[in-house]
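Student: Spelled out from the first residue to the last, the chains are:
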Amino acid sequence: MKEHGFWRLGGKLYLAALVVFTMLPMVWMVITSLKTQFAALQYPPEWIPRNPTLDQYWLLLSPANAVGREFLRYLFNSVWVSAASTVLGVAVAVPAAYAFSRFRFPGRNLLFYSVLLRNMFPAVVFLMPLFIMMRWLGLVNTQASLILTYLTFGLPLSIWLLKGFYDNIPVQLEQAARIDGASRFQAFLLIVMPLSAPGITATAIYSFIMAWNEYVYALTFLNDKDRLTLPVGLQRFFTEYATNWPGLMAASFIMSVPVVALFLVLQKYFVRALTDGAVKS
Amino acid sequence: MTARSDGLLRRIVRHRADYLYVAPALGVMLLVIGYPIYDTVYLSFFNTPPNLALEDKIFAGLDNYGRILSADSFHEATWNTLVWTVFSTFFAFVLGFGAALALNREFRGRGLLRGILLIPYVISAVAASYVWRWLYHSDFGVIGAISVALGFTDTPINFLDNTTVVMPALIVVNVWKEFPFAMIMMLAGLQTVPDHLLRAARVDGAGTWESFVHITLPHLKGVTLVTVLLLLVTNLNSFTIPYIMTGGGPAGASEIWITHIYQLAFGRIRFGLASAYSVILFIVMMGLGYFYVRALTQGDERRGG
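Going down the list, the sequences are from chains A and B.
Counted the way the numbering used here counts, the first sequence spans residues -18 to 262.
Counted the way the numbering used here counts, the second sequence spans residues 15 to 319.
Some hints here could point you the wrong way.
To list a few chain B residues with every Cβ distance to chain A over 10 angstroms, as calculated [said to hold, decoys possible]:
#1 L83
#2 V227
#3 T254
Simulated DEER-style distance windows between Cβ atoms [unchecked claim]:
#4 B:T167 - A:Y94: 46 to 54 angstroms
#5 B:H228 - A:A163: 47 to 55 angstroms
#6 A:Q153 - B:L22: 29 to 37 angstroms
#7 A:Y94 - B:N65: 33 to 41 angstroms
#8 B:R122 - A:R217: 43 to 51 angstroms
#9 B:V162 - A:F(-13): 54 to 62 angstroms
#10 B:G48 - A:R165: 26 to 34 angstroms
#11 B:G48 - A:N204: 47 to 55 angstroms
#12 A:Q153 - B:E69: 32 to 40 angstroms
#13 B:N65 - A:D207: 44 to 52 angstroms
None of these hints come from the bench; they were simulated from the model.
Bear in mind the structure is a predicted one, so any value in this text is a computation, not a measurement.
Heads up, the beta-carbon is just placed ideally off N, CA and C, and yes, glycines get one too.
Take the sequences, apply the hints, and build the full model.
Tutor: Spelled out as structure tokens, the structure:
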């Protein structure tokens, strides 16, 4: 048992070191965001801000000034683009995932693995043809272009996650409903859909976070200042305002809060969603 | 049983209603995934004009491929991509696996700890890149200040403007962002290791290390394979961290394939050349994709699905 204690102590120390590594950047982001620009540019750094201030947050979140108006617009754009592409993706993915889970039609495996293979391709590879396509459709510099192109990763991901959830719903429930006279579609709609609500919620939130964090499509397709989403907007803050580091850190913090909060609340589902399929006992 | 003797066409007809469920998804995928792949391959054989008036493109055969494969910048980017991918994957996996092992036991605060360690994975890569840029700042960066305070160096290090340090500095950021993924995958894998085997081993007098090597590790083969493959793919596809933190610089020292392609396509507007580059990347990815699907289908067969 002595040997056991040794491994346990090692594990504890390791976790402690890892928590420091994980938290340091985030803690420093918050500390910096509470400083004035002058206080941030000190060497050696002020480890604890002597005069902490929420000025940067007020600046970003108040519609009374130009910076705040701009930031709130990016925030709103991000919410709109992420929500729209999530709703679209999940709506299309639900029946497809169900079919992949339950039916054995010819070509099922081929189609399903081509869905998976999508995850192998980098966004940049799709960027040029999609850019040409958007130009042809007249959608360059519109948010519709993002909502549509976010499906390139949102849809395969949603199909993959949802299939995992459907695989875990016992097929006997539908069989019982069919015996009671329900059609196949009714069984899907009335029996399976309500049971998969947690799965759909988790998938939707995962897809929302992916869209919220997306950068390269937004960078390429948008250039009109009013239409930018947060990740690209953040970059504008960096280049436009002579690098106001506390402001940039405050903006990063505000941008991270929603996804981290969503994620922590639904941690259980996420972990299941991510690891399902790769690991099954 | 009879299904096998039926003709393919008859089976398709019998299952026709099934296709209605997948049709919308397939339609969208053909539009936003299938067509772009086709178009990338097609464009890779052309020289495209810089104003992107595509009706003026000129057929160039395999010229684009030849130009890329013989360019020095491609060789340098390939080397950087290898370094980036291999080291990022290795350290993310080792750190994540270690965390999974340490977390694979009931104790107070375990859920909270797991939650904290997962945060980097969900934070936006753009926000993370700016935060780390600030940490690495050559004059006011906290990492430089800490290394001076601890006596490692006399003056703060200029991490991102130094051709030898820039890659390791970026890899640290990437590992920070990615190790949580390896952690939860391996943690899920560890939870499938049968308890009774571990207990039996203990009864037989095996120590912690022996039962780890002989029981736990063999059980994790499948998950490890999938996790490492997914990490490799993610790292080959990284864009945001290098692009925002250094833009491939200084002097191309942190240029990897993806940032290089982006630069060719949207910096110099050479779509044909960049498409050929993408196709080369495709081929590498398909190789990895083959192993990924195989690793997943083996799992499928095991559980008789």
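Student: Is 54 to 62 angstroms a correct range for the gap between the Cβ atoms of V162 of chain B and F(-13) of chain A?
Tutor: violated, 35 angstroms
Student: At the C-beta level, are H228 of chain B and A163 of chain A separated by a distance inside 47 to 55 angstroms?
Tutor: holds, 51 angstroms
Student: T254 of chain B clear of chain A by more than 10 angstroms, beta carbon to beta carbon?
Tutor: violated, 5 angstroms
Student: Q153 of chain A and L22 of chain B, beta-carbon distance inside 29 to 37 angstroms?
Tutor: holds, 30 angstroms
Student: Within 46 to 54 angstroms: is that where the Cβ-Cβ distance between T167 of chain B and Y94 of chain A falls?
Tutor: holds, 51 angstroms
Student: Mind checking the hinted window 26 to 34 angstroms against the Cβ distance between G48 of chain B and R165 of chain A?
Tutor: holds, 28 angstroms
Student: At the C-beta level, are R122 of chain B and R217 of chain A separated by a distance inside 43 to 51 angstroms?
Tutor: holds, 45 angstroms
Student: Honestly, do G48 of chain B and N204 of chain A meet the 47 to 55 angstroms range at C-beta?
Tutor: Violated: the Cβ-Cβ distance is about 28 angstroms, outside 47 to 55 angstroms.
Student: Is it the case that L83 of chain B keeps its Cβ farther than 10 angstroms from each residue Cβ in chain A?
Tutor: holds, 18 angstroms
Student: Quick check on a hinted range of 33 to 41 angstroms for Y94 of chain A and N65 of chain B, using CB atoms only.
Tutor: With Cβ atoms ~39 angstroms apart, the hint holds.
Student: Hint says 32 to 40 angstroms; check whether the CB-CB distance for Q153 of chain A and E69 of chain B agrees.
Tutor: Since the Cβ atoms of Q153 of chain A and E69 of chain B sit about 59 angstroms apart, the hinted range of 32 to 40 angstroms is violated.
Student: Quick check for students: does the CB of V227 of chain B sit more than 10 angstroms from each CB in chain A?
Tutor: holds, 13 angstroms
Taken one by one, the earlier hints fail for this structure at numbers 3, 9, 11, 12 and 13, listed in ascending order.
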